[in-house]
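Based on the hints, put chain P in the right spot on chain H.
If you read the sequences in order, they're chains H and P.
Per the numbering used here, the first sequence starts with residue 1, numbered consecutively.
Per the numbering used here, the second sequence starts with residue 293, numbered consecutively.
Be careful, since some hints might not be right.
Where chain H lies over chain P, by a calculated footprint (3+ residues, C-beta under 8 angstroms) [as the list claims (entries may be wrong)]:
{"no.": "1", "region": "336-349"}
{"no.": "2", "region": "411-424"}
{"no.": "3", "region": "532-542"}
Calculated from the structure, these hints are not laboratory results.
The structure displayed is predicted, hence computed values, not measured ones.
Even for Gly, the Cβ is constructed at its ideal location relative to N, Cα and C.
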Amino acid sequence: MDNVIRRRTLGARLGRATLYAVLLLAALFYLLPLAVMLVTSVKPLAEITPGTLLSLPREPTLVPWAKAWGEACTGMRCEGIGVYFFNSIAIVVPAVLISTAIGALNGYALTKWRFKGSELLFALMLFGCFIPFQVVLLPMAQTLGWLGLSSSRAGLILVHVIFGIAFTTLFFRNFYVAVPTELVSAAKLDGAGFFRIFWRILLPVSAPIIVVSVIWQFTQIWNDFLFGVAFSAHNTQPVTVALNNLVNTSTGAREYNVDMAAAMIAALPTLIVYVLAGKYFVRGLTAGSVKG
Amino acid sequence: MSLTRSAARPTAGSAARRSHSGLLQAWLPKLVLAPSAAISLFFVYGFMLWTFILSLTNSRMLPSYEFVGFAQYARLMANDRWWVASTNLVVFGGLFVAICLALGLVLAILLDQRIRQEGALRTIYLYPMALSFIVTGVVWKWLLNPGLGIQAMVRSWGFENFRFDWLVDPDMAVYTLVIAAVWQASGFVMALFLAGLRGIDDSILKAAQLDGASLPRIYWRVVIPCLRPVVFSAVMILSHIAIKSFDLVVALTGGGPGYASDLPATFMYAHAFTRAQIGLGSASAMLMLGGVLAILIPYLYSELRSRRHG
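Just chain H, with the same shape it has in the complex (with noise of 0.2 angstroms):
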């Protein structure tokens, strides 16, 4: 490789030339609607006119965020998106953390306790994974009913913990497969129990892999919609069924800054959260194809 870029004619100096606008042309396509949602959403209402899509705003204004976060209709109520993006907090929170915590332990059971039907069991789980939701919904909502569940958050972290564990199962037990086994063959041998070889062993090289499991099911339930809008009633209702809501709430005139404001919000916590950690979210997302 190295000979041929050396050599700089003026055809290849062209071709790098192309190369770069390439790049950069589709860069644009995928920041531009992320800026113009970020643009209008500081816009005033009357700077919002047909063919002003791009322009800056000229008077930049703070007030479309502070009315998506605390007044706009979601449907017949009037109280903003901020309502909804604590209820999302309240059922990600624990629904990240005990599903992550079970899939631990269901890896470490698969790869280093393995027996009889092990593999055929984590098989079956897998399958999880793939189904369409929409073949569990009616049931799911009828359980929750006799639960009485119905409606309610821990409803909603209830759902998000069954159908989580199947993805933080499938994680952790491909990496676990990895650790070497003769590590925990010499503490068994010299009488350690289940939970303590893997509080001691395992748990202490679980850093990426949990990074990874939590990352992954925080996009996952913090962008949830399906379940979100079977499960929940008005007053539990996560960000993302708010702001469907808002956006398609028919009563007054269409305040577009508004609307992207509230995305935005909507949007925040996953978009940081992968600024701040891709290399973990990207290792999540291919976690389901490159298998380990």
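Coordinates of chain P only, in the frame set by chain H:
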């Protein structure tokens, strides 16, 4: 691996025979896995069966257990809206998968040419994947809105006759879903391909170069065939996303105009939850499951085969 495994087994067995606590230790892994196994059995397999049973009944507002055989499936087959939704899924899914693959592959190959700021570009290409489909839908609805979005902007540049009103055009609305979904997922496919490219042995490339093959030829004949497993997983993941697409439709087109851009997922939700047609909704959910299985089973089959041979 097989050596260490066979060495570990007898020791675990003899440790278990040593004492009662050892016996408990031998059962602990199974006890730990039991709740998850039960959850999977009940909430995944049980619910699938349950939905199948519902699809055989005449349930409307509430589940009833009056069996009507496959009548709901027959109704589904005679339902115009279901055919629109299924056709849309084929169009949307096909274009979405094809464009994501093409765009992802091109971007990955271009990024693999020792680009300055590669990390930054990668980050930019991939960030939409972190967003909710609802956010994506809301943003693209704004961009594609004929009155204030891209159409109005291009017209204000002097192209008075420019038309880009797919969002409100029943024949074109489904393509707006393709645009938004490609925007969201193509960066991810790029990341998959880039990882695949980085995994190719350099010596193969060097050998091809020594033979005097040109760069495009090397990519076409040597590199891209090496990426076949990546293509395979990407197709799998993308078709899976396509079949499950629900939020994007709700936020971007609402299935409209009319039901012109409905997908099976929105069809199912509308009938099961808002139109009091639980039986029909269940039947459509079962067909969606069938669609996923039709993709999944060949994938798993080839995956297992390649593992056995490799």
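query = Three or more residues of the region 336-349 of chain P near chain H by CB distance under 8 angstroms?
reply = holds (count 8)
request  = Take the region 411-424 of chain P, compare each residue's beta carbon with every beta carbon of chain H, and decide whether three or more fall closer than 8 angstroms.
outcome  = This one holds; 11 residues, not fewer than the three required, reach chain H with a Cβ under 8 angstroms.
query = With a cut-off of 8 angstroms between beta carbons, are at least three residues of the region 532-542 of chain P near chain H?
reply = holds (count 6)
In this structure, every one of the numbered hints holds.
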